[in-house]
Amino acid sequence: MAALLAIILCAGTGWCVARLGLGSGKTNNSILEVSLAGPFGLGVFSLTYFAWRLFSTSRASLIGIDVAVLVVLTGFVARIHKKRSLPSPDTAIPTPKLPFGSTLWAMFAAALAVAAYCSIGFVKADPQGGGWDAIAIWNLHARFLFLGGEQWRAGFSQLIPWSHPDYPLLVPATIAHFWTYLGTDTELVPAAIGLAFMFSTVGVLYASVRTLRSASQALLSGILLASTPFFLRQGASQYADVPLCFFILATIALSMLYSAKKTAGLLALSGAAAAFAAWTKNEGLLFFCAFLVVRVFQLVIRKDWRTLAAQVSTFLLGAAPVLLVLAYFKLAIAPPGDLLASGSSMLSKIADLSRYWLIVRWFGKELFLFTGLPVLTIIVVIYGKLLGSGLPRKLHDSVWTSAAALALTLAGYFAVYVITPYDLRWHLRFSLNRLMLQLWPSALFLFFVAVRTPEEWLAEKSGEVSPESDPASIGASAIDKAA
Amino acid sequence: MRPSLPPSGVIGYIDNGTGDPITLSNYYLTQYDLAPLIVTRSTDAEWVIGNFSSPGLASAKPRDLVPVHDFGNGVVLYTKKSSVLAKRAH
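Protein sequences appear in the order of chains A and B.
So for the first sequence, my numbering puts the first residue at 1; every next one is plus one.
So for the second sequence, my numbering puts the first residue at 1001; every next one is plus one.
These are calculated hints, taken from the structure and not from any lab test.
Treat the hints with care, as some may be off.
Far from chain B, some chain A residues (derived; all Cβ distances over 12 Å) [stated by the list, open to error]: (1) I7; (2) R79; (3) S157; (4) G265; (5) R361; (6) I382.
A few chain B residues facing chain A, derived, Cβ under 8 Å [stated by the list, open to error]: (7) N1026; (8) Q1031; (9) Y1032; (10) A1035; (11) F1071.
Every residue, glycine too, gets a C-beta built ideally from N, C-alpha and C.
Let's have the full structure, built from the sequences with the hints guiding it.
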């Protein structure tokens, strides 16, 4: 009963947040709505739990806060719904039916079924998580929050630096929130949260590519992500990398939908997703900064000050509640991070060129190996080569800024390896594949938005569209219809 | 072991000191199970857990520790000699 109440409150809260961002009209994109609702609900649950932990220890007051948050958000949704009496335009893009459409659907369904089977198998095999970080970091922090009473801050003590007490709390606080409802620290909670994030990532990828490009393109992207063995393994591992995958993808996908629809709510929701990424892992904070810097830079070089002010303020408005909580955690509770070594040793590492060469080689190797199925990367390259570029003009800037943000984040990861106080080989061996995975769904999203769809390719082949015409215009017309 | 320990605070931890992955994982699991207690890998605490369950070097138990309870499988709860003497003096 307590579990059901927690799920209802969490899902309801997430649905309201998603609705506020997507707009209250008929969106015809229930998969996107559902895929966003779960993780956004979990994100809000982590914030409310952290705020509650600061001031109270009573379980009844936590339930009261959750109900109050849901009521307030429902009120906002209802108000927006009243304002917009006219239904929103249908965002689904009419596309010609493919002869092999049903085969793609069957493959997607099979990939999801296999993903579910494998991930549940992983959870059964390792109920405490698929690696030491689950026990030594994420679930340990959750236990301190849940069991610590008024002494919960002890969990973020420098006496146990190996537990990375500076890591943000989205995952631990969400787990502790559900444990508080249940009254017990069952391992089912972190496992279920991990799987929810994993399937929501597939859902957002499918639904956003479906909205922006075509059904077959969306199915292909979903099949590829759901067939990535390392993604499935990490989804069941109770680490924070797949939740971070989700929020990075949501940031990029929502900002791209904003470029197509120009609804401010989408940009605010994108800002909230970016801030939740920062509240999930320190790498998320790097991504948040990279994404914001690239977007600002793009508008500054155009000298489009009005758009700059409007877009940045809307983005930051969505991010603000999460950023405030993160700032409080970082400044008042968390000790300094462990990656910034002393100045002199850092300088000697920066000057050591052999470190750069070693990192470059590892990056090159992991680029093909991190998925756990190197053929996936090869399939993506061949598919892109075969179909060619078909980037809609309206999405051109958005795709390039998002790609630049991912590249800047990757460059940040590179820089961290250069100065890491740990043994470089050890650090690369145990973390680089997860860092690559964090960006994988977003990279797939950008790829499938940028590449020509099978529908466009077939239309061109059959002579409906002349090969000389700009392929981008096909996508652009589809986006125009959507917008 | 949990009822023998204080509800919160810092306790120490010693093991065979080999630094192998099994020894390290035993330490992580001990911290996980005993949270919200902080378990530090040192003997600088009133209560110290000795975990000599994994094969390795002989234990290097500091002389100022007194065994309080032997839980079997090489797991022993120690306290400081000084705190025992202080309790006796009271």
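How the hints compare with the structure:
1. I7: The claim holds: I7 (chain A) sits with its nearest Cβ about 25 Å from chain B, beyond 12 Å.
2. R79: Holds, since 42 Å exceeds 12 Å.
3. S157: Nearest chain B Cβ is 6 Å from S157 (chain A), so the label is violated.
4. G265: G265 (chain A) is indeed farther than 12 Å from all Cβ atoms of chain B, at 40 Å.
5. R361: Non-interface label on R361 (chain A) holds, nearest chain B Cβ at 26 Å vs cutoff 12 Å.
6. I382: holds (40 Å)
7. N1026: violated (11 Å)
8. Q1031: Because about 7 Å separates Q1031 (chain B) from the closest Cβ in chain A, which is inside the 8 Å limit, the hint holds.
9. Y1032: holds (5 Å)
10. A1035: Since chain A brings a Cβ to about 4 Å from A1035 (chain B), closer than 8 Å, the hint holds.
11. F1071: violated (21 Å)
Going through the hint list in order, the structure does not satisfy hints 3, 7 and 11.
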